[in-house]
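For the sequence shown, the residue numbers in my numbering are 99 to 506.
A few of these clues could be false.
[To be verified] The calculated BS3-like cross-link candidates involving lysine-lysine, where the alpha carbons are at most 27 Å apart (straight line), are:
(1) Lys311 x Lys106
(2) Lys136 x Lys370
(3) Lys433 x Lys453
(4) Lys274 x Lys332
(5) Lys112 x Lys180
(6) Lys318 x Lys274
(7) Lys325 x Lys112
(8) Lys385 x Lys318
(9) Lys325 x Lys165
(10) Lys429 x Lys314
(11) Lys274 x Lys208
(12) Lys102 x Lys325
(13) Lys106 x Lys325
(14) Lys385 x Lys112
(15) Lys498 x Lys424
(16) Lys322 x Lys381
(17) Lys322 x Lys311
(18) Lys102 x Lys322
(19) Lys433 x Lys274
(20) Lys102 x Lys311
(21) Lys381 x Lys460
(22) Lys424 x Lys106
(23) Lys332 x Lys112
(24) Lys144 x Lys106
(25) Lys314 x Lys385
In case anyone wonders, no lab produced these hints; they're calculated from the structure. Note that the structure is a prediction, hence the values are computed from the model and not measured.
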Amino acid sequence: MNSKERVKMVFEHKEPDRVPIDLGSIGPSGISAIAYNKLCEYLGIKCSCRIFDVYQQIVIPNEPVLKRFNVDLKAILPRVDKWREERLADSSICYVPDKWRPVILPDGSKIAYDGDIVVAKMPYKGYYFDHVYRPLEDATIEDLDDFVWPAPFSFYKLPDVNNLDIYLNGLEEEAKYWSQNSNYALVGNFGGSIYEAATGLMGYERFLVDIVKNRKFVEKLLDKLVKVNIEYAKRYLDRVADYVDIIMVGGEDIGMQSGLEINPELYREIVKPRQKKLWQFIKENSKAYLVVHCCGSISEIIDDFIEMGIDAINPVQVSAANMDSKMLKSKFGNKITFWGGGCDTQRALPGGTPKDVEEEVKRRIKDFAPDGGFIFNQVHIIQPNISPENIISLFDSAYKYGKYPIRA
99 MNSKERVKMV FEHKEPDRVP IDLGSIGPSG ISAIAYNKLC EYLGIKCSCR
149 IFDVYQQIVI PNEPVLKRFN VDLKAILPRV DKWREERLAD SSICYVPDKW
199 RPVILPDGSK IAYDGDIVVA KMPYKGYYFD HVYRPLEDAT IEDLDDFVWP
249 APFSFYKLPD VNNLDIYLNG LEEEAKYWSQ NSNYALVGNF GGSIYEAATG
299 LMGYERFLVD IVKNRKFVEK LLDKLVKVNI EYAKRYLDRV ADYVDIIMVG
349 GEDIGMQSGL EINPELYREI VKPRQKKLWQ FIKENSKAYL VVHCCGSISE
399 IIDDFIEMGI DAINPVQVSA ANMDSKMLKS KFGNKITFWG GGCDTQRALP
449 GGTPKDVEEE VKRRIKDFAP DGGFIFNQVH IIQPNISPEN IISLFDSAYK
499 YGKYPIRA
């Protein structure tokens, strides 16, 4: 059984030969550049640490690493014509797209510009760039008519997406190549956020106030985001729909550690209809399974995701309130695929021993894997402080304990 077949079976809630394993097919399932360099050195694998998400410093895993850990899924990302060398906070080497050129300030911190506007900052010896530009923070409802809408992802992670034809040409070439030359389950990272894009453009404080006190503004903004994303989806799907098996529809972080950021009824009234319009358009115009990224305690709205056509949720934050793995499987396991949740990254992975990690993985597989519907991945990005030994234990344990039949 190959990887593509294996992944399809779990989406259909059937048991393949083993649980599929993911590392880096979507941004939140990836690994930070510093952790990746340490891992490759420990394994004795020569790797080029190429960063595709410059804000979160997430790398594109090299083929030897994917093979070493029996990874079944692969991201379809835009081609980068030219890379340049940079140094990370620990002085190790990485490569970033040549056009990503943050400025180093006298205090060692970094700032990134879009034209004359500072859009991101990283503190000295920091691990990530923080978004600091909120173009609609002070906007009026009339301003929304004149706002120049960025291409999806250009505001967030790929500041070079100004020429969509070049961008989409590269995606199509990558998708076609890997479709013809591998058995990976291929993941298209569409990135069409609605809720998260609105909070990013307005800023969280204003969004959370206005969704109650200035609903017309929020609703108009969300409608604009739906429109621009559907227009982009038409062009995106025209290029990659024939090649990808799964589409990541975007990051929609509605959850916190203890619950949702907004009242679930408010979500269903204002946000959900807009998400549904976009997601159903993608569903109707491709054969791909749909996955949404949504952090935190989100059990209250998993049924809503299912109703809107979502096939899988990520990262399945098992350490959040009301997100126990056994409960989630019992309540939703025959209706949605859990992509993540394989190891808690708040406690077990950073604070435990390799044996602790093994026991955590064993437990989560036992909870999630029966009857399919589970893709193994840690909860969110592997952080810079995670030891190579724990990363190896993470994926080797997934392979060891992920062989079917698996019973709860």
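Results of checking the hints against the structure:
1. Lys311 x Lys106: 44 Å, violated
2. Lys136 x Lys370: 41 Å, violated
3. Lys433 x Lys453: Distance of about 32 Å is beyond 27 Å: violated.
4. Lys274 x Lys332: Holds, at about 18 Å.
5. Lys112 x Lys180: Distance ~42 Å between Lys112 and Lys180 Cα, so the pair is violated.
6. Lys318 x Lys274: Cα-Cα ~37 Å, so violated.
7. Lys325 x Lys112: 36 Å, violated
8. Lys385 x Lys318: Measuring from Cα to Cα gives roughly 30 Å; hence the hint is violated.
9. Lys325 x Lys165: 40 Å, violated
10. Lys429 x Lys314: 36 Å, violated
11. Lys274 x Lys208: 37 Å, violated
12. Lys102 x Lys325: With Cα atoms ~32 Å apart, Lys102 and Lys325 exceed 27 Å; violated.
13. Lys106 x Lys325: 31 Å, violated
14. Lys385 x Lys112: Within the cut-off at roughly 19 Å; holds.
15. Lys498 x Lys424: 20 Å, holds
16. Lys322 x Lys381: Answer holds: Lys322 to Lys381 is near 20 Å, not above 27 Å.
17. Lys322 x Lys311: 19 Å, holds
18. Lys102 x Lys322: Judged against 27 Å, a Cα distance of about 36 Å means the pair is violated.
19. Lys433 x Lys274: Violated, at roughly 31 Å.
20. Lys102 x Lys311: 48 Å, violated
21. Lys381 x Lys460: Violated, at about 34 Å.
22. Lys424 x Lys106: This hinted pair holds, its Cα atoms lying about 23 Å apart.
23. Lys332 x Lys112: Given pair Lys332, Lys112 is violated - Cα atoms ~32 Å apart, limit 27 Å.
24. Lys144 x Lys106: 32 Å, violated
25. Lys314 x Lys385: Status violated; Cα separation ~35 Å.
Going down the numbered hints, you'll see the structure goes against 1, 2, 3, 5, 6, 7, 8, 9, 10, 11, 12, 13, 18, 19, 20, 21, 23, 24 and 25, while the others check out.
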